[in-house]
Amino acid sequence: MRVVFMGTPEFAVPTLQHLVNSECSVVGVVCQPDRPSGRGKKIQFGPVKTFALAQNFPIVQPDKMKAPTLLETLRSWNPDVIVVAAFGRILPQVILDLPPKGCLNVHGSLLPKYRGAAPIQWAVINGEPETGVTIMVMDAGLDTGAILDHAVMPISKEDTAGDVAVRMAEIGGGLLVSTLKKWMAGTMVARPQNESEATLAPLLKKEDGFLDWNQPAAILAHRIRGLSPWPGGYTFVEGERWGIWKVHVVEPNEVSALPSKIGVSLPGTIVGVTNHAIHVQTGNGVLCLLEIQPANKKRMAVTQYVTGHHIVEGMQCGGIPE
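Reading the sequence shown from the start, the letters are residues 1 to 322 in the working numbering.
These aren't lab readings, by the way, just hints derived from the structure by calculation.
The beta-carbon is built from N, C-alpha and C at its ideal position, and this holds for glycine as well.
Some hints here could point you the wrong way.
As the list claims (entries may be wrong) - The list that follows gives simulated cross-link-like pairs (lysine-lysine, BS3-like), each with its CA atoms no further than 30 Å apart: (1) K297 / K42; (2) K42 / K66; (3) K298 / K206; (4) K66 / K41; (5) K42 / K64; (6) K41 / K205; (7) K298 / K41; (8) K101 / K66; (9) K182 / K113; (10) K246 / K113; (11) K205 / K298; (12) K297 / K206; (13) K113 / K181; (14) K101 / K64; (15) K206 / K42; (16) K101 / K181; (17) K66 / K181; (18) K246 / K206; (19) K41 / K206; (20) K41 / K246; (21) K64 / K41; (22) K66 / K205; (23) K297 / K205; (24) K113 / K205; (25) K182 / K101; (26) K157 / K205; (27) K298 / K42; (28) K66 / K113; (29) K157 / K113; (30) K297 / K246; (31) K64 / K205; (32) K157 / K101; (33) K113 / K42; (34) K157 / K297; (35) K101 / K113; (36) K297 / K101.
Claimed, not checked - Beta-carbon label-pair distances, calculated as ranges: (37) T69 / E207: 35 to 41 Å; (38) S37 / G283: 36 to 42 Å; (39) G283 / I90: 36 to 42 Å; (40) R167 / F45: 23 to 29 Å.
Please construct the entire structure, taking both the sequences and the accompanying hints into account.
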């Protein structure tokens, strides 16, 4: 079975690794162009390209998906099927029609829920108790193709989007290989998605990390976990930008240990400071900050920060989003 693989970030690597370990023959890899990264803005290879180079796979990195040179290369590779995982580009119909067995996508949600660029993040942000990975036959729509198979996985109360992505990538790679074998053998039938159940998971932007303290503590906690590792939740405290990375929702039985201003202070007010945590009033409940990132500093435990900084009750979190 001749397979062309399309993918770019870390999430896609386990799928390619599973293909390498299977009976498939990976005849070529397509990645997005190399991008500048880090403070020095140096050009760096993406994770899939790095892995593909180690395997001596032919690699192309097109600027445009309809470029004649890309189409010529794909035809020369003569794939039976194209496998796509977190490629980040829409495939034109001419590519979808190229392999005899179509293009299969490893998508990070239980379709038709969370179609789009950030399905894992939005599942965590929305407080879903579970998510999953879907293998679908791609069509011209945005994650609208017919479903071949899926696997369900739980989301714990501590999971960040990054945590979920690591587990899902491994599950997705294994599911892709087992599904692909059945699909090529003609023993698996694709089923259409139920459009009435479809939801969207749009691309996140930096400004999506700004925290609105008028929201309930539980909603904010979900959002902070869903925004990790990127773009990260943030707020301003007395004009200083803080990244917020790890939090805990104060349970009702814990409130008695906090100051009496709990529940009567404005959302965003710091209502308690200990050696281990900073407590902030929200629109409903109290959020305990455990790990923060002050401006131009590394992430640190609140324990480390309060040791050298004067943080007191009554200070305000909030301000104008960047």
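Structure-based check of all given hints:
no., hint, verdict
1, K297 / K42, "holds, 22 Å"
2, K42 / K66, "holds, 28 Å"
3, K298 / K206, "holds, 18 Å"
4, K66 / K41, "holds, 28 Å"
5, K42 / K64, "holds, 22 Å"
6, K41 / K205, "holds, 20 Å"
7, K298 / K41, "holds, 19 Å"
8, K101 / K66, "holds, 20 Å"
9, K182 / K113, "holds, 24 Å"
10, K246 / K113, "holds, 27 Å"
11, K205 / K298, "holds, 21 Å"
12, K297 / K206, "holds, 18 Å"
13, K113 / K181, "holds, 26 Å"
14, K101 / K64, "holds, 23 Å"
15, K206 / K42, "holds, 21 Å"
16, K101 / K181, "holds, 12 Å"
17, K66 / K181, "holds, 29 Å"
18, K246 / K206, "holds, 18 Å"
19, K41 / K206, "holds, 18 Å"
20, K41 / K246, "holds, 28 Å"
21, K64 / K41, "holds, 23 Å"
22, K66 / K205, "holds, 27 Å"
23, K297 / K205, "holds, 22 Å"
24, K113 / K205, "holds, 20 Å"
25, K182 / K101, "holds, 12 Å"
26, K157 / K205, "holds, 24 Å"
27, K298 / K42, "holds, 21 Å"
28, K66 / K113, "holds, 29 Å"
29, K157 / K113, "holds, 20 Å"
30, K297 / K246, "holds, 16 Å"
31, K64 / K205, "holds, 23 Å"
32, K157 / K101, "violated, 40 Å"
33, K113 / K42, "violated, 37 Å"
34, K157 / K297, "holds, 27 Å"
35, K101 / K113, "holds, 25 Å"
36, K297 / K101, "violated, 50 Å"
37, T69 / E207: 35 to 41 Å, "holds, 37 Å"
38, S37 / G283: 36 to 42 Å, "holds, 37 Å"
39, G283 / I90: 36 to 42 Å, "holds, 38 Å"
40, R167 / F45: 23 to 29 Å, "holds, 25 Å"
Of the numbered hints given earlier, the model fails hints 32, 33 and 36; all others are met.
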